[in-house]
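> Sequence:
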Amino acid sequence: MDKEEENHYVSQLRDVYSSCDTTGTGFLDREELTQLCLKLHLEKQLPVLLHTLLGNNQFARVNFEEFKDGFIAVLSSQAGLASSDEDSGSLESDNSALCSSDLLESWFPVGPVEQR
Numbered sequence: 057m058d059k060e061e062e063n064h065y066v067s068q069l070r071d072v073y074s075s076c077d078t079t080g081t082g083f084l085d086r087e088e089l090t091q092l093c094l095k096l097h098l099e100k101q102l103p104v105l106l107h108t109l110l111g112n113n114q115f116a117r118v119n120f121e122e123f124k125d126g127f128i129a130v131l132s133s134q135a136g137l138a139s140s141d142e143d144s145g146s147l148e149s150d151n152s153a154l155c156s157s158d159l160l161e162s163w164f165p166v167g168p169v170e171q172r
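Counting in my numbering, the final residue of the sequence shown is number 172, and the numbers go up one at a time with none missing.
For the record, the hints were derived by calculation from the structure and aren't laboratory data. Since we're looking at a predicted model, the values are computed, not measured. Keep in mind that a hint or two might mislead.
[Claimed, not checked] 25 Å max Cα-Cα, derived SDA-like pairs, lysine to any residue:
id: 1; residue 1: LYS59; residue 2: GLU87
id: 2; residue 1: LYS100; residue 2: GLY136
id: 3; residue 1: LYS124; residue 2: GLU99
Please put together the full structure from these sequences, using the hints given.
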């Protein structure tokens with residue numbers, strides 16, 4: 057994936073993020089972050105993302121860059137688990153092919169992401 061294509065996916069992710077920023081602060085609280093994860097169909101990853109990004113602080117907020125980094129980290133981790141599940145005989149999982157742009161490309165559907 058080239059830089060322009062990666063920027064397209066990051067831009068799409070930012071648009072959905074912004075649509076959940078109901079206060080217009082540039083930060084998402086727990087409720088807004090939950091809505092974002094639901095829009096991105098991250099129901100299974102929601103608990104891990106909430107804990108990773110907000111911890112136990114009920115007043116914590118996350119900005120776009122923090123969300124994007126957490127989103128990629130959680131998806132990378134799960135992709136690594138999936139590949140190690142497939143090759144249970146190997147103690148090491150080869151994640152060298154995984155990168156943020158590949159994850160973004162594989163995550164987004166062909167059509168536009170829902171932005172209610």
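> Taking the hints in turn, state whether each one holds.
Here's how the hints hold up against the structure:
For the suggested pair LYS59 and GLU87, the alpha carbons sit about 32 Å apart, so the restraint of at most 25 Å is broken. With a C-alpha separation of about 16 Å, the suggested pair LYS100 and GLY136 falls inside the 25 Å cut-off, and the hint holds. With a C-alpha separation of about 16 Å, the suggested pair LYS124 and GLU99 falls inside the 25 Å cut-off, and the hint holds.
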